[in-house]
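Engineer: Residue-level listing of the chains:
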Amino acid sequence: AQRVTQPEKLLSVFKGAPVELKCNYSYSGSPELFWYVQYSRQRLQLLLRHISRESIKGFTADLNKGETSFHLKKPFAQEEDSAMYYCALRGSASKIIFGSGTRLSIRP
Amino acid sequence: NAGVTQTPKFQVLKTGQSMTLQCAQDMNHEYMSWYRQDPGMGLRLIHYSVGAGITDQGEVPNGYNVSRSTTEDFPLRLLSAAPSQTSVYFCASSSEVGSYNEQFFGPGTRLTVL
Chain H
60 AQRVTQPEKL LSVFKGAPVE LKCNYSYSGS PELFWYVQYS RQRLQLLLRH ISRESIKGFT
120 ADLNKGETSF HLKKPFAQEE DSAMYYCALR GSASKIIFGS GTRLSIRP
Chain P
635 NAGVTQTPKF QVLKTGQSMT LQCAQDMNHE YMSWYRQDPG MGLRLIHYSV GAGITDQGEV
695 PNGYNVSRST TEDFPLRLLS AAPSQTSVYF CASSSEVGSY NEQFFGPGTR LTVL
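Protein sequences, first through last, are from chains H and P. Going by this note's numbering, the first sequence opens with residue 60, and the numbers climb by one from there. Going by this note's numbering, the second sequence opens with residue 635, and the numbers climb by one from there.
Just so you know, these hints were derived from the structure itself, not from any lab. Cβ coordinates follow ideal geometry from the N, Cα and C atoms, glycine included. Where hints are given, some of them may not hold.
[Said to hold, decoys possible] Reference listing, derived: stretches of chain P covered by chain H, where coverage requires no fewer than 3 residues with Cβ under 8 angstroms from a Cβ of chain H:
(1) 641 to 654
(2) 679 to 692
(3) 695 to 707
[Claimed, not checked] The calculated lysine-lysine pairs, modelled on DSS-like cross-linking and capped at a C-alpha distance of 30 angstroms, are:
(4) H:LYS116 with H:LYS132
(5) H:LYS132 with H:LYS74
(6) H:LYS124 with P:LYS643
(7) H:LYS81 with H:LYS68
(8) P:LYS643 with H:LYS154
(9) H:LYS132 with H:LYS81
[Claimed, not checked] Derived, one-sided and incomplete: chain H residues facing chain P with beta-carbon distance under 7 angstroms:
(10) GLU91
(11) ARG102
(12) LEU103
(13) LEU105
(14) ARG108
(15) ILE110
(16) SER153
(17) ILE156
(18) PHE157
(19) GLY158
(20) SER159
(21) GLY160
Make a model of the complete structure from these sequences and hints.
Structural biologist: Here is the structure:
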């Protein structure tokens with residue numbers, strides 16, 4: 060079975076502080092993992108995918124197969140990072156499931 | 635390209651009524667899916683399709699039907715609406731060619747069942 064767990068419903072940090080949004084997954088095969096973001100009044104959109112090992116808007120995420128985690132990190136938070144963040148997993152039969160989401164709030 | 639479009643934007647139903655939420659995409663994507671978004675529950679997959687004529691159940695399929703007669707359209711039908719189906723519904727699509735493909739989302743339909 061596929062499962063994505065985001066343990067934090069809300070994360071509030073000060074501007075300039077480091078950010079880490081946690082994501083753990085359960086899947087027996089090789090997963091495709093993604094982070095999606097939903098800014099206020101905008102559509103859900105892709106932030107990054109683990110295969111690319113890219114940094115988007117200063118965010119990075121590393122897949123840790125031993126801990127089955129895919130945490131999202133940013134060294135210095137900015138106010139424009141305030142949004143809803145979802146971790147997603149694509150596994151068997153192309154099915155894509157999402158976690159429950161973490162609302163990130165950046166305080167000035 | 636319009637991307638992924640959904641209609642209507644808002645809908646109020648009475649318990650027991652039926653309706654169809656429309657979803658269309660103009661990117662020739664094989665994969666389409668429906669999610670519902672509820673506070674504290676995140677996005678939950680209702681049904682998905684990997685191509686015309688092929689559909690499968692997601693995490694929360696009960697009370698919903700889908701069909702995929704064309705590549706472009708993937709309507710979601712509520713057969714007998716219940717208050718528990720009050721939610722925001724999102725349709726999404728992606729290419730099946732290759733892997734790690736991005737899902738493109740529609741703007742959502744906010745449904746209230748009284």
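Engineer: Enumerate the violated hints, using their earlier numbering and listing them in ascending order.
Structural biologist: 1, 3 and 6
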